[in-house]
Amino acid sequence: MITLKSVYKTFGNIEAVKNVSFNIGKGEIFGILGPNGAGKSTIVNILNTLVRPDRGDVIIDGINIRNDGNTIKLIMGVVPQEIALYEELSAYENLMFWGGLYNIPKPELRAKAIETLGIVDLVNRKDDRIKTFSGGMKRRINIACSLLHNPRILVLDEPTVGVDPQNRNHIFEVIERLNSEGMTIIYTTHYMEEAERFCDRIAIIDTGQIVAQGTLKELRHISGIEDPDSRGTNLESIYLKLTGKELRD
Amino acid sequence: MFKLFKKDLTLFLHDRRSVILSFFLPVILITLFAFAYGSIGSYNGRSEPVELLVADLDLTGSSKEIVNKIDSLEDIVVVVSDSVRSRELVIKGEYVSALIIYKGFQDSLKYGNSIPVELIYDRSREMEIGILQQNLISTIMSSTGKIIVNSSIERYMQDQFPDIDKKTRDAILKTAIRKDNNSLAVKWTSIVGERNDTKLGLIQAVAGTAILMLLFSVAGVGTSILEEKENGTIKRLLYSPLKGSTILYSKMLFAFFISVLQLTAMFLFAWLVLNMDMNVSMSGLILMIISTSFAVSSLGIFLAAIAKTRHQAQNLSTIIILVMSAIGGSMIPMFIMPAILQKIALVSVNYWGIQGFYDLFWRVLPLEEILPKILILMGIGVVMTILSIRLFRKRIMKL
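For the record, the sequence lines run as chains A and B. Position 102 of the first sequence, counted from 1, bears residue number 104 in the numbering used here, the numbering being contiguous throughout. Position 113 of the second sequence, counted from 1, bears residue number 172 in the numbering used here, the numbering being contiguous throughout.
Take the hints with a grain of salt, since some may be wrong.
What the hints assert, rightly or not - Only some residues are given here: those of chain A computed to face chain B with a beta carbon under 8 Å:
#1 N72
#2 K75
#3 E84
#4 F99
Unchecked claim - Restricting the straight-line Cα-Cα distance to at most 30 Å, the calculated cross-link-like pairs of lysine-lysine (DSSO-like) are:
#5 B:K288 x A:K128
#6 B:K65 x B:K367
#7 B:K367 x A:K128
#8 B:K65 x A:K108
#9 A:K140 x A:K108
#10 A:K133 x B:K402
FYI, nobody ran anything at the bench for these hints, they're computed from the structure. Each residue gets a CB set at the ideal place from its N, CA and C atoms; glycine is no exception.
Chain B extracted, bound-state conformation:
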């Protein structure tokens, strides 16, 4: 088996295109994706601020106060406009949203009426809307709430205690709406991804791209069996004292070896060049690399086994790998996918690999917590190997 393995390795190394596709292309893609996900360079961990058009038609102290507060937020940049122009700009797609504060805003606050404020938006830009929603609600609620409470107390005092002197009334008001009385003491604490310096986007870029590229190179190894059948070398191997199963196992061993090498190279690159924090469970990382490589290499061989010709195998592999990678989170991070796709993703080898690496690098979980995913990957590998052996015996080794 080692002789066949050595031959495949020599052939692989002689084929510069394969080496480039297996090692340099993933490195380039990982770097590009890491940039795209904003995980390297001068990125400080925050998203770019969202520009919000604001049309203040009320132009009162209260409306100006609200606009100033929104403008002071880190995630929002206020662009002052009028209501007609704001509408046009949102429709044209130049801005995601516009806040229109209608005339009578301050009075409504004072008299406890419904607040004449409207947020117009482009719902195709869900992520930016999400950022705006979160920030605007908290800002508007806290600011308007203070004004409403203030005017309500004032009105109550005037009704119930009309004779009270101004100094006493101001003191009561000041005490009632003291800042620390109003603020909701909800402490926001991020507890995931805090024990490791690696940014989420970088883990996604490395794990997602590495598994995608791994599938392509391993499918290449699989199709090489069909190529060997077509050019007669399989037949010649069978003329020698070698057993048919040895030929298949050596291909599988080679596919597994290339996968381990490729995955290791990707993580080394991410560590040395992209500053990926390797302060994680080493046994977990080794087992994740082994189990992912085993699952991916078995799947690659299986894809070749179900095809009848090399050409068919190449086309089939490309389609299946792209679909599986798309739903499995190699191309688009799982957390921004709809719930239904997140469920479908469970059938993808990419999903289990990427989630395992998330557990390792983002959640910094110990080996025992990652073990279920490792076992699932190993299980995928075993099933694919058994199916491949059966199919190959039936189709390839039969002359």
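In isolation and in its complexed conformation, chain A is listed as follows:
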């Protein structure tokens, strides 16, 4: 479904992405883990055609992003790290606006907005302004806004930052539900337990390079940390071993 082949991207003197390659299969949940400034967001922006790689190829659903960026945007939904919503608009108005950008016919979009509000369990708050929502509710609407055009690929860039356990659990359920319906998910996070919970495969990235990738079992093998009994901290140990313990900017 998604292939990155030796992708490089430099901003000035900073090499944000260096020789990154991976494959993501259809219906897979692929986790991208890395410390701050590792290059996760640059990879997300490359996937969504916002940033053009200096070298390398990115093929999504058989389309090279250099040739047809607009089609890529139509098949991909991106949930940004920020709560990118209009606080003065209601949840429904936000959905209608963001969905409207994909030229979905009005009646279809109305139905889709209600359906999506159902997915994130906010139908009863549809006419309330976003500014009256809690952080967790805003995160749920943030996801909903990226689902309106029925994307085949959903990229979630740290979607649970600052969310309470109930809302976080609800977000996980939404992701699992979407994945069970066949959606390919790319998930970037700092939280190891999230990646462990539902990522089929994980890429650990540091200073713009992939330091390891594979299933959790494969990562355990690569890192040399084989501790199947302490599952909750296992990925964290692997992550720290592979990326080091130094503080990042």
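With chain A fixed as given, assemble chain B onto it according to the hints.
Just chain B now, kept in the frame of chain A:
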């Protein structure tokens, strides 16, 4: 683009503070300024009379005649005082000026000596001094001139024709100083602002305030782009199939639309509530509203484009708008500004907008006469738009 425009309009209408700032605040300010400039209410088109202290130390027929004549003027009210007290009152700032007629005034007139009259004044009150100067010179000159001519002729007659009888001498004098012989027949005719009922102060209040407020609301639209960048909505817009330039153009369109709406609302208010005479070139008015809105909205977007953060944009806009409005005539009418400031004002968008509206409502000029100002405003708009697009592409659309 229309979807983004509609979203911005909905956000604008949801934000009551923005609506109040954009429409109600200018209305209040226009009304206040119109009152301040004396253009509404019971104002009859004249300035308030200036109070003039007069100390008549001569107390002769001639000096009394002069004082009476000054007192009869519409623009001056005479307050009788003595010379010492007059000086004190002017120094304290209670009166702008005092006229002191010294002893020997009448004799000086009679014998053709220099006239012992002094005008002491507070030069900080330039406008009132101007009114006094104009009125006093003409009154004193005409009155004293008559007396001087009279006594000169009388003296000449006595020297040259000492034997002439009194009846004949009086007849000659009467003929020589006949009123219609002495009066200078200068006809004063106001030719500007006579074809339209709108008072100058009202045009200044409406155009000056409207452009000032327009700049503030449009700068708000500009800074909303930076706000959108900060809260991530610009990034999300870029994730959609929209082009980066579409996002910018829609903001510009919205800023232009709000400007046109605001300016139109201001003139409608001035027409319906403040009795502004709309008997002017309609095509000129429409083009002035469009070109002013275009220039102002482009400038507002440009101010946001040169800033790096929303906070910086807000501070920068406030400073630039206030300075530009001060020198451009939004706060103080251009005609009372010093010549150097009037030249500097040419770089201000306020200047061209206000002068265009003066041409329209005060000078009642046809469209072709206003066209150069319209073109300058459009030119400002085009330059600001090009610069804004470049800066935005460089700073905002880059993630």
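Review point. In ascending order, which of the hints set out earlier in this document are inconsistent with the structure?
Key: 7, 10
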